[in-house]
Amino acid sequence: MSTATHTRQAPEDDLALVPAKPRIGDKVFTGLSTGAGIAIFVILAAVALFLIAQAFPALTSTPEMLQSRGYGPFWSWVAPFAFGTVYSAFWALVFAVPVAIGIALFISHYAPRRLASGLGYVIDLLAAVPSVVYGLWGANTFAAALQPLHAWLATYLGWFPLFTPPASGTGRSMLTTSLVLAVMILPIITSLCREVFLQTPKLHEEAALALGATRWEMICMAVFPFARAGIVSAVMLGLGRALGETMAVAMVLSGAGVIKFDIIGQQNPNTIAATIALNFPDASGLRINQLIAGGLILFVITLAVNMLARWIVRRRAAFSGAN
Amino acid sequence: MTATALSKSDSLTAGQLPRWSTPATVVGSIALAVLVTLLLGPFNVGLAAVLAFVIYQVVTYCSSGLVEGPRRATDRLMTGFIIGAFLLALVPLIWVAATTLANGLGRFDLAFFNNSMRNVDGVGGGAVHAIYGTLMITGVATLISVPVGLLTAIYLSEYGRGHLARGITFFVDVMTGIPSIVAGLFAYALMTLLLGPGTVSGFSGSLALSVLMIPVVVRSTEELLRIVPNELREASYALGVPKWRTILRIVLPTAVSGIVAGVILAIARIIGETAPLMVAAGFTQSINMSFFSGPMMTLPTFVYDQYAYRGLPPEAFVDRAWTGALILILIVMALNLIGRLVAKRFAPKSGR
Chain A
1 MSTATHTRQA
11 PEDDLALVPA
21 KPRIGDKVFT
31 GLSTGAGIAI
41 FVILAAVALF
51 LIAQAFPALT
61 STPEMLQSRG
71 YGPFWSWVAP
81 FAFGTVYSAF
91 WALVFAVPVA
101 IGIALFISHY
111 APRRLASGLG
121 YVIDLLAAVP
131 SVVYGLWGAN
141 TFAAALQPLH
151 AWLATYLGWF
161 PLFTPPASGT
171 GRSMLTTSLV
181 LAVMILPIIT
191 SLCREVFLQT
201 PKLHEEAALA
211 LGATRWEMIC
221 MAVFPFARAG
231 IVSAVMLGLG
241 RALGETMAVA
251 MVLSGAGVIK
261 FDIIGQQNPN
271 TIAATIALNF
281 PDASGLRINQ
291 LIAGGLILFV
301 ITLAVNMLAR
311 WIVRRRAAFS
321 GAN
Chain B
1 MTATALSKSD
11 SLTAGQLPRW
21 STPATVVGSI
31 ALAVLVTLLL
41 GPFNVGLAAV
51 LAFVIYQVVT
61 YCSSGLVEGP
71 RRATDRLMTG
81 FIIGAFLLAL
91 VPLIWVAATT
101 LANGLGRFDL
111 AFFNNSMRNV
121 DGVGGGAVHA
131 IYGTLMITGV
141 ATLISVPVGL
151 LTAIYLSEYG
161 RGHLARGITF
171 FVDVMTGIPS
181 IVAGLFAYAL
191 MTLLLGPGTV
201 SGFSGSLALS
211 VLMIPVVVRS
221 TEELLRIVPN
231 ELREASYALG
241 VPKWRTILRI
251 VLPTAVSGIV
261 AGVILAIARI
271 IGETAPLMVA
281 AGFTQSINMS
291 FFSGPMMTLP
301 TFVYDQYAYR
311 GLPPEAFVDR
321 AWTGALILIL
331 IVMALNLIGR
341 LVAKRFAPKS
351 GR
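Which chain is which? The protein sequence lines are A and B, in order. Per UniProt numbering, the first sequence starts with residue 1, numbered consecutively. Per UniProt numbering, the second sequence starts with residue 1, numbered consecutively.
These are calculated hints, taken from the structure and not from any lab test. Keep in mind that the hints are not guaranteed to be accurate.
[What the hints assert, rightly or not] Subject to a maximum C-alpha distance of 30 Å in a straight line, what follows is the list of computed DSBU-like cross-link-like pairs (lysine-lysine):
(1) K344/B with K243/B
(2) K202/A with K344/B
(3) K21/A with K243/B
(4) K27/A with K243/B
Small disclaimer: the values here were computed from a predicted structure and weren't measured.
From just these sequences and the hints, can you work out the full model?
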């Protein structure tokens with residue numbers, strides 16, 4: 001065995017870099033894994049392509065055709081739902097973001113060290129509850145429990161445009177829906193913020209404390225400036241979730257195709273995803289194409305939000321001024 | 001300087017609220033809030049909790065502001081808000097768990113696991129068709145997603161350089177953000193083009209779930225492969241082991257516990273998906289043994305179906321929905337627990 005090796009490594013060869021023998025296993029494995037990577041492109045392209053192909057009949061039909069065999073002219077049909085999608089996600093963010101940042105700070109800077117990771121798991125459990133269960137809970141229990149609040153808001157704050165009476169009698173309003181959505185996006189915003197807060201340079205924190213800052217002042221001076229971009233991207237990802245959430249909205253909200261800013265009323269703008277879910281089982285023909293075209297609009301909205309979020313993350317990585 | 005400054009420096013603890021002040025304020029504000037709520041009308045836990053929080057914050061801010069100065073007072077105020085945020089997040093968690101348990105246990109019986117909804121009009125019936133469908137659809141989705149996700153992660157961590165790798169990373173991130181119902185519509189559109197309109201099947205549901213599962217598997221696996229120490233790879237190359245064998249025999253076994261945990265968590269993530277299955281796999285009331293044709297029920301769609309299309313008596317349908325929800329939560333919790341245990345128990349010992 002050794003003699004064979006020695007004869008191959010002749011003196012005249014040992015200066016030149018001998019390229020490794022091409023092995024069939026390496027080629028196969030490289031090909032397989034590269035193929036899997038390219039499959040990601042193919043899948044994403046296929047999603048866009050098939051959606052466009054199936055949405056095409058609805059997008060090209062005349063308004064009269066859609067009026068008789070679909071749900072009505074496409075753009076005026078989808079506009080209220082697009083509005084409802086963005087509006088409900090907006091309120092979900094308003095409710096979820098302050099709480100999520102608070103929880104993340106609690107876990108990263110306030111809770112006793114030994115408890116911190118356990119408490120993080122507890123919050124992650126919120127993400128483990130399937131959306132259909134949130135829908136069931138929201139529609140059956142939570143909405144009824146919030147109904148008195150709706151009545152109170154309509155009675156005492158009815159002059160405020162958001163709380164125009166009459167209040168919803170069932171509590172299945174935009175307010176309840178966005179609170180359920182807020183609960184559902186809380187874990188993702190919390191866990192991303194927590195990661196960023198934990199990465200704050202220890203020296204910055206200690207420097208702030210050594211200068212006599214209280215804990216909150218230290219957080220304002222050292223943690224928030226460092227984490228700002230991270231918080232923004234976490235919020236954007238939460239927004240993406242809220243925009244695409246289907247079942248909770250479909251089951252909780254009593255929605256219609258209206259554009260209304262009132263959040264406690266009986267008539268609320270439905271979301272695109274919920275409209276698809278509610279109508280798809282009974283749809284056929286051109287109506288299915290119209291629903292898929294609605295899904296395409298939703299796809300475009302969430303794609304834009306997610307790409308913006310990733311772009312912010314990437315910019316932060318490039319210009320991280322921490323050190 | 002002044003007399004007050006002198007008197008404050010008398011001892012180390014001067015100018016601070018005593019240690020017992022916080023628990024005392026908590027107890028006091030809760031008692032006061034309960035009292036006020038009782039005086040206002042029928043007792044309401046939510047109202048009392050909000051009131052107690054407001055009273056606590058006001059009392060703390062004022063007392064701390066008087067004794068310790070505005071900066072300390074702000075600090076205490078914000079501490080209150082931050083702890084309050086955490087407690088607030090526990091409310092829906094406990095509420096959902098308690099409601100599901102209370103309502104779901106009623107039908108959590110043998111019949112539920114033995115019967116489908118075939119020929120069941122009112123009371124009785126079960127979800128065996130849905131449980132079967134969930135296992136089949138999730139299983140096949142896992143079979144599709146794990147190889148693709150694993151190989152993509154291997155490409156990204158071991159081979160990928162330059163534009164292609166960066167592009168794949170970016171598009172995996174984009175895929176993570178696809179709304180679940182859009183994934184369902186994709187599978188439906190694909191099946192419509194291949195097999196004609198209105199085609200729903202278990203396989204179509206699996207395809208929809210794969211679109212959601214692949215990016216999750218890629219993300220978690222890639223992260224784990226990246227933390228496998230380079231020394232291991234180099235030692236293997238130095239022994240003349242080809243790259244593919246190094247990956248199969250050295251890199252993957254080192255990370256296997258984390259990969260398994262990641263896959264289990266990914267399953268937990270997709271097993272509760274409802275919207276894509278409503279669109280792609282449809283509804284049925286009986287067991288469908290054929291995976292490639294005809295609608296197939298799953299637990300999440302079962303819950304929605306029972307809730308949304310109630311017959312008579314409606315309570316029987318709602319009860320079945322809650323029991324389905326309870327089983328779903330139990331499965332997801334169990335998967336989460338197993339995933340975390342696997343990750344912890346079989347984690348490779350790091351040398352340091």
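So which hints don't hold here, by number, going up? Hint check: nothing fails, all pass.
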